[in-house]
Amino acid sequence: MGAFLRRRLLAVVPLVLLTTSLVFSLILLLPGDPAVALVGLENVTEERLAAIRARMGFDRPLYVQYGLWLGRAARGDLGTSLRTGQPVVEALRDRLPVTLGLAVAATAFGLLLGFPLAVVAAAKRGGFIGSCASGVAAFGVAVPNFWLGSMLVLALALHMRWLPATGYASPLEAPWDALRHAILPTLTLGASAVAEITRQLRSALQDTLNTDYVRTARAKGIAERTVIWKHALRNALIPMITVSGLTISRLVGATVVVESIFALPGLGRLNLESVLNRDFPMLQGAVLVMVLLVIAVNLVSDVIYGWVDPRIRLS
Amino acid sequence: MAGWIPAYAFLEARAVARRFRRSRAAAAGACFLVALVGAAALAPLVARWDPLKQNLTDALAAPSGHHPLGTDDLGRDVLSRLLHGARLSLAAACFAVAIAALSGVPVGLVAGYAGGKLDDLLMRLVDAVQAFPALVLAMAITAALGPGLRNVMVAVGIVYIPRFARLVRGQALALREELFVEGARAAGASHARILLRHVLPNVAAPIIVQVSVSIAFALLAETSLSFLGIGIKPPTPSWGADVGRGYRFMRLAPWLVFMPGLAILLTTLAFNFLGDGLRDALDPKHARRETAS
Chain W
5 MGAFLRRRLL
15 AVVPLVLLTT
25 SLVFSLILLL
35 PGDPAVALVG
45 LENVTEERLA
55 AIRARMGFDR
65 PLYVQYGLWL
75 GRAARGDLGT
85 SLRTGQPVVE
95 ALRDRLPVTL
105 GLAVAATAFG
115 LLLGFPLAVV
125 AAAKRGGFIG
135 SCASGVAAFG
145 VAVPNFWLGS
155 MLVLALALHM
165 RWLPATGYAS
175 PLEAPWDALR
185 HAILPTLTLG
195 ASAVAEITRQ
205 LRSALQDTLN
215 TDYVRTARAK
225 GIAERTVIWK
235 HALRNALIPM
245 ITVSGLTISR
255 LVGATVVVES
265 IFALPGLGRL
275 NLESVLNRDF
285 PMLQGAVLVM
295 VLLVIAVNLV
305 SDVIYGWVDP
315 RIRLS
Chain G
24 MAGWIPAYAF
34 LEARAVARRF
44 RRSRAAAAGA
54 CFLVALVGAA
64 ALAPLVARWD
74 PLKQNLTDAL
84 AAPSGHHPLG
94 TDDLGRDVLS
104 RLLHGARLSL
114 AAACFAVAIA
124 ALSGVPVGLV
134 AGYAGGKLDD
144 LLMRLVDAVQ
154 AFPALVLAMA
164 ITAALGPGLR
174 NVMVAVGIVY
184 IPRFARLVRG
194 QALALREELF
204 VEGARAAGAS
214 HARILLRHVL
224 PNVAAPIIVQ
234 VSVSIAFALL
244 AETSLSFLGI
254 GIKPPTPSWG
264 ADVGRGYRFM
274 RLAPWLVFMP
284 GLAILLTTLA
294 FNFLGDGLRD
304 ALDPKHARRE
314 TAS
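Chain order of the listed sequences is W and G. Quick note, the numbering used here runs 4 ahead of the 1-based positions in the first sequence. Quick note, the numbering used here runs 23 ahead of the 1-based positions in the second sequence.
In short, the hints are calculated from the structure, not lab data. Wrong hints could be hidden among the right ones.
Said to hold, decoys possible - Derived list of chain W stretches under chain G, where covered just means 3 residues or more per stretch with a C-beta under 8 angstroms from a C-beta of chain G:
| # | region |
| --- | --- |
| 1 | 135-149 |
| 2 | 215-228 |
To be verified - Among the chain W residues that face chain G by a calculated CB cut under 10 angstroms, a handful are:
| # | residue |
| --- | --- |
| 3 | 13 |
| 4 | 154 |
| 5 | 242 |
Claimed, not checked - With beta-carbon atoms standing in for the labels, derived distance ranges:
| # | chain 1 | residue 1 | chain 2 | residue 2 | range |
| --- | --- | --- | --- | --- | --- |
| 6 | G | 272 | W | 37 | 56 to 62 angstroms |
| 7 | G | 196 | W | 6 | 27 to 33 angstroms |
| 8 | G | 85 | W | 250 | 29 to 35 angstroms |
| 9 | G | 35 | W | 308 | 26 to 32 angstroms |
Bear in mind the structure is a predicted one, so any value in this text is a computation, not a measurement. We treat Cβ as the ideally placed atom computed from N, Cα and C, and that holds for glycine.
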C-alpha cells in the first residue's frame with residue numbers, strides 16, 4: 005500500500021504544476037497590460053503599475069514569473085482583492101467551508117437517493133418501475149440546475165412558504181436555521197449527483213448481474229433479493245468510490261450557479277463576483293483553490309479505491 | 024470490387040438506421056431536434072412578434088391567444104424570444120463542440136498513434152485541463168477574453184477538448200496494433216496518411232456519439248454562463264439569459280423562467296437520447312450487452 009501511495013502522490017506533482025501554470029496563464033490571456041488588470045483600472049497610477057510589475061516580475065521570462073507566483077502562492081500570498089482590498093487568502097478561507105459543506109451534503113443526498121434508484125433500475129429493467137428510475141436519472145443529467153433551483157424556490161419558498169428562498173446561516177451559530185437554508189441548495193445541487201450515481205451504479209450492477217458467480221448463485225436457488233443485495237451490489241459498489249470522487253469534483257464547479265441563486269457566501273459565488281468585477285487576483289485564487297480541491301478529492305478517492313481493491317494497487 | 028464497397032456501405036447504413044429506429048427514445052429525440060432546428064431556422068417567419076420590440080403597456084402579460092407564452096417585463100413576446108433564442112443557443116453549443124472536436128480529435132489521434140513520450144506529454148496536458156471544473160474554467164476563460172457569444176463558444180469549446188482527446192486516443196491506441204494499420208505502414212504509407220485514411224474512419228462512430236452528448240453539455244454550459252450574466256448579453260434573445268432576467272419577476276410571471284428552462288431541459292434530453300440511440304446503433308455489441316443484462 006505504501007508503494008501505491010507514493011506512486012499516486014508522485015503522479016499528482018506534475019498535475020499540480022500543470023494546473024497551477026494554467027491558472028497563472030489566465031492573466032496572460034488578458035488583452036493589454038496585465039499589470040493594469042491586476043491593479044484595476046480605477047487605481048492606475050504610474051507608481052502602482054511600477055510596483056506591481058516589479059513584484060510580479062513582468063519584465064522577466066515567463067517561467068520566472070510563474071516561479072515567483074507559485075512561490076508566493078505556496079507561502080499563502082495570492083495578492084489582495086482589487087475591489088475590497090481584502091487579502092485573497094483570507095476571503096478564500098472564509099468561503100471554502102460553505103462550498104465544501106454544500107458539495108458534501110449534495111453528494112450524500114445523491115448517494116442516499118441514487119443507491120435505491122440504481123438497484124431498482126437494474127433489477128426491474130424493462131418494467132415500469134425500472135423505467136421510472138432510469139427516467140429520474142435521465143432528467144437529473146439534463147436539467148439545468150439554475151432552472152431546477154428557480155422552480156424549487158418558486159414552489160417551496162414563494163408559493164408554499166415552507167423554506168427560505170435565499171440566504172445562509174452558520175451551522176455552529178444557528179443549526180436549525182442552517183438546516184432550513186441548506187435544503188433547497190442541496191436538492192438543487194444534489195439532483196445531478198443522484199442522476200450520475202444512479203447511472204453509474206445501474207451500469208456497474210447490470211455488468212455484475214451478468215457474471216458467472218451471480219449466475220451460479222441464482223442456479224443454487226438463492227433468492228433474487230439476496231443475489232442483488234449480498235452478491236452483486238458488493239462488487240458493483242467498488243467503482244462507486246471513484247464515481248463519488250468525480251461527483252464531488254463536478255459539484256464543486258456547479259456551486260457557482262447554485263450559490264448565486266441562493267445567495268450563499270461560498271467559493272462559487274466568489275468566483276462569479278470576481279469575474280463580474282474583473283477582480284483577477286481574487287479570480288486566480290478562487291480557481292486555484294477549486295482546482296486543488298478537485299485534485300485532492302480525486303487523489304483521496306484513488307487511494308481508497310486502491311486500498312479496497314488490491315488489483316488496483318498491485319497493477 | 025469497385026461496386027462492392029458502396030453496396031456494403033449502403034447495407035451497413037440501412038442496418039444502423041434500423042437499429043436506431045428500434046430505440047423509441049432516440050427516435051423521439053431526433054424528431055424533437057429536427058422540429059426545433061426547423062423552428063429555429065424559420066424563426067423570423069414563424070415568430071409572430073419581433074423578439075426585441077418592447078411594449079411596456081403589455082409588460083408581464085400572462086399567456087393568451089395574443090401571446091401564447093406571455094410577455095416579459097418589457098412587453099416582449101416570450102414565444103418569439105424562445106424561437107430566436109433557440110438559434111443562438113443551439114449555434115453556440117454546436118460551434119463550441121466543433122471547436123472541441125476539431126482540437127481534441129487530432130490531439131487524441133497523434134497521442135494514441137505515436138505513443139511513448141509524446142502521448143505522455145499530451146495526455147498530461149489533457150489531464151490538467153480536465154482537472155478544472157468545467158464551468159469554472161469556462162468562466163475564467165470568458166473573464167479573460169471578455170463576454171460575448173464568440174468568446175463563450177471558445178471557452179466552452181476549450182473545456183470539452185479533453186473529452187474528444189481521451190476518447191480518440193484510446194481508440195487510436197488499440198487501432199495502431201491492428202493488421203490493416205501495420206499493412207499500410209509496410210506498404211510505405213506516411214503517418215499522416217495512415218491516420219487520416221485508416222485510423223480516423225475507424226474512430227468516426229464513437230466521435231459521432233460524443234458530438235451528440237457533448238452538444239447537450241455545451242448547451243447546459245452556455246446557458247449557465249448566460250444565466251450568470253457572462254455569456255450572451257441582453258437584449259439578444261438567449262435561453263439562459265432570459266431565465267436569468269425572468270428570475271427577478273418569478274413571483275409575478277413564472278412563465279418567464281419556466282418556458283426557456285423547459286426548452287433547455289427538453290433539448291438536452293433530446294441530445295442525450297440521440298447520443299444513446301446512436302451508440303446502440305453504431306455499436307451493436309454495446310446494444311446486445313445492454314439487452315442481455
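Worksheet entry | Numbers of the earlier hints that this structure fails to satisfy, in rising order | Hint check: 2, 3, 5, 6, 8, 9 fail, others pass.
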